[in-house]
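Sequences are here, hints too, so could you generate the full structure?
Protein chains in written order, with my numbering: chain B, 3 to 397; chain C, 3 to 397.
No lab work stands behind these hints: they were computed from the structure. Values in this document were obtained by computation on a predicted structure and should not be read as measured data. Worth double-checking, as some hints may not be accurate.
One copy or any two copies: either way a pair holds, since identical chains are not told apart in the list.
Capping the alpha-carbon separation at 25 Å, the derived lysine to aspartate or glutamate pairs in DMTMM-like fashion look like this [unchecked claim]: (1) K29 to E130; (2) K29 to E352; (3) K214 to E324; (4) K261 to E162; (5) K164 to E130; (6) K104 to E71; (7) K350 to D336; (8) K127 to E374; (9) K67 to E349; (10) K92 to E344; (11) K80 to E352; (12) K214 to D369; (13) K92 to D348; (14) K127 to E349; (15) K92 to D326.
Protein chains: 2
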Amino acid sequence: MYTIESINGGVCAAEGFYADGIHIGLKKEGAKDLAFIYSDTPCAIASVFTTNKMTAAPIRHFRTKGEFEGNFVLINSKNANAMTGPEGIKDIDDVLHALDAKFPQIQHPVMSSTGVIGVRLPKEKIIEGAMSFDLTSREGNNASEAIMTTDTFAKWISFEVKLEGGKSFRIGAMAKGAGMINPAMATMLCFITTDALVDKTTMQTILDTCTKTTFNAASVDGDTSTNDTVLLMANGQSGTFHHAAFSEVLESIMLFLAKEMVRDGEGATKLVTYKVTGAKGNREAEIAAKALSNSLLVKTALFGQDPNWGRIASTVGASGVECDEAHLSIWFDDVCVYRKGELLFDEKLEPLAAAVMQKNAFTIHCDIGLGEGGFTAYGCDLGHEYVKINADYRT
Amino acid sequence: MYTIESINGGVCAAEGFYADGIHIGLKKEGAKDLAFIYSDTPCAIASVFTTNKMTAAPIRHFRTKGEFEGNFVLINSKNANAMTGPEGIKDIDDVLHALDAKFPQIQHPVMSSTGVIGVRLPKEKIIEGAMSFDLTSREGNNASEAIMTTDTFAKWISFEVKLEGGKSFRIGAMAKGAGMINPAMATMLCFITTDALVDKTTMQTILDTCTKTTFNAASVDGDTSTNDTVLLMANGQSGTFHHAAFSEVLESIMLFLAKEMVRDGEGATKLVTYKVTGAKGNREAEIAAKALSNSLLVKTALFGQDPNWGRIASTVGASGVECDEAHLSIWFDDVCVYRKGELLFDEKLEPLAAAVMQKNAFTIHCDIGLGEGGFTAYGCDLGHEYVKINADYRT
Numbered sequence: 003m004y005t006i007e008s009i010n011g012g013v014c015a016a017e018g019f020y021a022d023g024i025h026i027g028l029k030k031e032g033a034k035d036l037a038f039i040y041s042d043t044p045c046a047i048a049s050v051f052t053t054n055k056m057t058a059a060p061i062r063h064f065r066t067k068g069e070f071e072g073n074f075v076l077i078n079s080k081n082a083n084a085m086t087g088p089e090g091i092k093d094i095d096d097v098l099h100a101l102d103a104k105f106p107q108i109q110h111p112v113m114s115s116t117g118v119i120g121v122r123l124p125k126e127k128i129i130e131g132a133m134s135f136d137l138t139s140r141e142g143n144n145a146s147e148a149i150m151t152t153d154t155f156a157k158w159i160s161f162e163v164k165l166e167g168g169k170s171f172r173i174g175a176m177a178k179g180a181g182m183i184n185p186a187m188a189t190m191l192c193f194i195t196t197d198a199l200v201d202k203t204t205m206q207t208i209l210d211t212c213t214k215t216t217f218n219a220a221s222v223d224g225d226t227s228t229n230d231t232v233l234l235m236a237n238g239q240s241g242t243f244h245h246a247a248f249s250e251v252l253e254s255i256m257l258f259l260a261k262e263m264v265r266d267g268e269g270a271t272k273l274v275t276y277k278v279t280g281a282k283g284n285r286e287a288e289i290a291a292k293a294l295s296n297s298l299l300v301k302t303a304l305f306g307q308d309p310n311w312g313r314i315a316s317t318v319g320a321s322g323v324e325c326d327e328a329h330l331s332i333w334f335d336d337v338c339v340y341r342k343g344e345l346l347f348d349e350k351l352e353p354l355a356a357a358v359m360q361k362n363a364f365t366i367h368c369d370i371g372l373g374e375g376g377f378t379a380y381g382c383d384l385g386h387e388y389v390k391i392n393a394d395y396r397t
Numbered sequence: 003m004y005t006i007e008s009i010n011g012g013v014c015a016a017e018g019f020y021a022d023g024i025h026i027g028l029k030k031e032g033a034k035d036l037a038f039i040y041s042d043t044p045c046a047i048a049s050v051f052t053t054n055k056m057t058a059a060p061i062r063h064f065r066t067k068g069e070f071e072g073n074f075v076l077i078n079s080k081n082a083n084a085m086t087g088p089e090g091i092k093d094i095d096d097v098l099h100a101l102d103a104k105f106p107q108i109q110h111p112v113m114s115s116t117g118v119i120g121v122r123l124p125k126e127k128i129i130e131g132a133m134s135f136d137l138t139s140r141e142g143n144n145a146s147e148a149i150m151t152t153d154t155f156a157k158w159i160s161f162e163v164k165l166e167g168g169k170s171f172r173i174g175a176m177a178k179g180a181g182m183i184n185p186a187m188a189t190m191l192c193f194i195t196t197d198a199l200v201d202k203t204t205m206q207t208i209l210d211t212c213t214k215t216t217f218n219a220a221s222v223d224g225d226t227s228t229n230d231t232v233l234l235m236a237n238g239q240s241g242t243f244h245h246a247a248f249s250e251v252l253e254s255i256m257l258f259l260a261k262e263m264v265r266d267g268e269g270a271t272k273l274v275t276y277k278v279t280g281a282k283g284n285r286e287a288e289i290a291a292k293a294l295s296n297s298l299l300v301k302t303a304l305f306g307q308d309p310n311w312g313r314i315a316s317t318v319g320a321s322g323v324e325c326d327e328a329h330l331s332i333w334f335d336d337v338c339v340y341r342k343g344e345l346l347f348d349e350k351l352e353p354l355a356a357a358v359m360q361k362n363a364f365t366i367h368c369d370i371g372l373g374e375g376g377f378t379a380y381g382c383d384l385g386h387e388y389v390k391i392n393a394d395y396r397t
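What follows is the structure, given as structure tokens:
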């Protein structure tokens with residue numbers, strides 16, 4: 003039917019897309035802090051935004067545009083342009099008007115921001131910096147660096163889908179995450195570009211479906227930011243589309259980036275998959291899985307590599323879903339530590355469970371034993387670095 | 003009408019109540035780990051228990067007793083007797099039968115436990131230790147030490163209420179808290195004794211009301227334990243009662259102990275009061291206040307003494323309550339840092355806000371500006387000590 007191949011390029015992998023990232027003085031020591039993505043033909047755009055009521059100015063600005071086809075996204079780090087009122091919206095207008103004036107090929111530009119809340123956008127610096135953009139650059143790696151905040155590594159991925167009959171299309175993406183990643187998609191930005199020939203409605207439906215099992219299943223600290231954004235831009239230049247292949251690749255890309263974000267969570271040393279099965283329904287399983295991935299007591303036990311399965315059981319019990327100790331079972335990878343009321347933990351089992359917890363990535367599986375509902379969430383541990391980073395974020 | 007006077011004695015302050023705490027080898031280095039409270043006449047008992055579905059054995063055991071008047075509570079630390087199945091219940095029966103046999107004056111004894119989940123109760127040690135109890139001891143301080151887990155200080159308080167005409171009654175209490183204190187009343191035990199002449203139904207109603215604004219408004223880390231218990235025992239020996247005075251003193255006692263628990267939260271260095279006003283309703287205010295007291299990003303900013311009001315705004319926005327940046331205002335004590343869309347924070351205001359955050363106790367007040375709903379929650383910061391304590395709890 004089709005084959006999927008990993009390729010280079012990130013957000014520049016698809017035909018007709020260009021990107022770069024530069025330093026304009028928002029970050030220290032020459033680190034890149036301003037990025038763009040440009041398509042040389044108009045794009046259908048699908049989007050998912052934060053559920054936070056204190057929605058940042060860039061998202062409110064995007065929403066005022068109504069239906070449109072655009073070809074340009076400007077992204078800055080270090081300043082979230084959130085809680086900045088009508089002035090925050092005007093700052094975006096000023097920046098985008100300056101871009102319009104300088105680059106006539108830009109149509110319906112939009113903006114995205116991440117960083118500190120409650121400080122006006124340094125729009126002069128941004129405008130001055132943006133004037134030096136070279137729209138023929140294909141430096142997706144630079145762009146993915148420029149959108150980082152407390153991330154310790156840039157996150158990008160791209161694929162080519164080869165269909166029967168020689169046709170093919172490409173999808174590439176970049177994201178930033180680190181702190182505040184939450185089941186409700188907190189402080190994360192993700193930009194996905196494709197040359198697939200797909201209309202906005204189809205794309206939006208696929209994007210919404212994939213978001214549930216990827217970004218919305220990932221948690222670093224349970225907080226939801228003012229700026230979370232996923233943008234998917236399709237310029238149609240490949241002239242082809244395949245629904246199943248597109249959905250499959252998009253979910254792979256988003257799951258990869260979601261896991262990369264969790265793995266790079268502030269101070270995180272472990273990527274933990276929380277698989278809940280046997281719940282009364284999928285929604286109940288989701289509640290329990292997300293409660294586990296957000297529990298401070300579970301996270302600190304993970305950091306301490308302590309196979310304290312009692313905290314797992316207690317957290318499932320506290321989540322409010324229907325459950326009881328007589329039906330619950332718990333595994334650390336394939337080591338069963340509690341089975342339907344039976345205390346299995348002893349001197350022989352403890353080192354086996356402890357060995358699982360020493361791994362960089364493993365699965366905690368809770369079978370509630372009452373139904374058919376399932377959900378998988380992704381989380382990380384919480385260690386001293388998280389406290390250090392967040393106790394002194396603004397300085 | 004009446005006067006309220008602080009007195010010594012804790013759970014032994016009220017007429018006819020006795021208590022002590024001893025070391026039986028559950029804790030290391032001679033620390034007390036087994037306590038009792040005894041009344042020389044039968045007591046009406048009101049209770050509030052955890053909402054965790056994985057309810058610990060002592061609570062399930064209590065609930066099987068139906069209606070009863072008792073005069074004895076046995077409390078152990080270091081072992082929660084949770085996730086221990088039918089054996090956990092049988093262990094309690096065995097312990098209480100041994101007590102019955104040794105002390106004929108004990109009627110309908112109950113048990114309460116706190117500590118590690120998923121390990122069978124060391125019932126031989128407990129029975130052997132309990133045999134040495136002296137039921138004429140009035141060592142409330144020893145009892146309050148014996149119920150401590152990661153608490154760094156014992157928590158107790160007692161009052162005498164003097165009514166017109168020379169009559170009076172007393173109420174005393176002890177509690178343990180530290181980690182896992184949550185809006186839903188996590189790993190906390192609280193025992194309250196009184197010689198007021200009050201029936202169970204009246205007492206239960208007052209206890210339920212007071213719980214909402216005290217223990218259920220306090221949070222250390224957002225987790226809810228398997229063992230949370232508040233017991234209120236009234237032996238009526240004063241022969242008198244005054245509804246308003248009793249309610250007032252009970253709420254004072256519970257609020258004091260709730261704040262003491264938060265102040266002694268694992269690794270906590272600050273007690274923060276989160277006052278939310280102007281919400282659409284009281285329930286909305288409660289959601290927002292508890293979201294603030296549970297937010298990791300807020301807690302770490304507190305630890306870092308960083309007046310990052312953007313995180314306060316973002317957390318209120320993420321809580322799901324109706325709000326917007328144009329109506330919200332935020333104060334650190336009496337320093338207004340954000341007023342209805344106006345960015346007030348500047349070089350002059352920042353040191354004032356930072357000075358508030360350097361205090362051991364202060365209030366963060368959010369006025370949502372949309373209605374009349376209000377709620378006050380209590381929380382603490384999260385620092386390196388929390389991580390250290392919880393990463394390695396069982397060892």
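Checked hints:
no., hint, in the structure
1, K29 to E130, "within (15 Å within a copy, 66 Å between copies)"
2, K29 to E352, "between (46 Å within a copy, 21 Å between copies)"
3, K214 to E324, "both (22 Å within a copy, 24 Å between copies)"
4, K261 to E162, "within (21 Å within a copy, 58 Å between copies)"
5, K164 to E130, "neither (42 Å within a copy, 75 Å between copies)"
6, K104 to E71, "within (20 Å within a copy, 84 Å between copies)"
7, K350 to D336, "within (15 Å within a copy, 58 Å between copies)"
8, K127 to E374, "neither (55 Å within a copy, 43 Å between copies)"
9, K67 to E349, "neither (63 Å within a copy, 36 Å between copies)"
10, K92 to E344, "between (63 Å within a copy, 15 Å between copies)"
11, K80 to E352, "between (45 Å within a copy, 19 Å between copies)"
12, K214 to D369, "within (21 Å within a copy, 33 Å between copies)"
13, K92 to D348, "between (64 Å within a copy, 21 Å between copies)"
14, K127 to E349, "between (62 Å within a copy, 21 Å between copies)"
15, K92 to D326, "between (55 Å within a copy, 18 Å between copies)"
In this structure, the earlier hints numbered 5, 8, 9 are contradicted, and the remaining ones agree with it.
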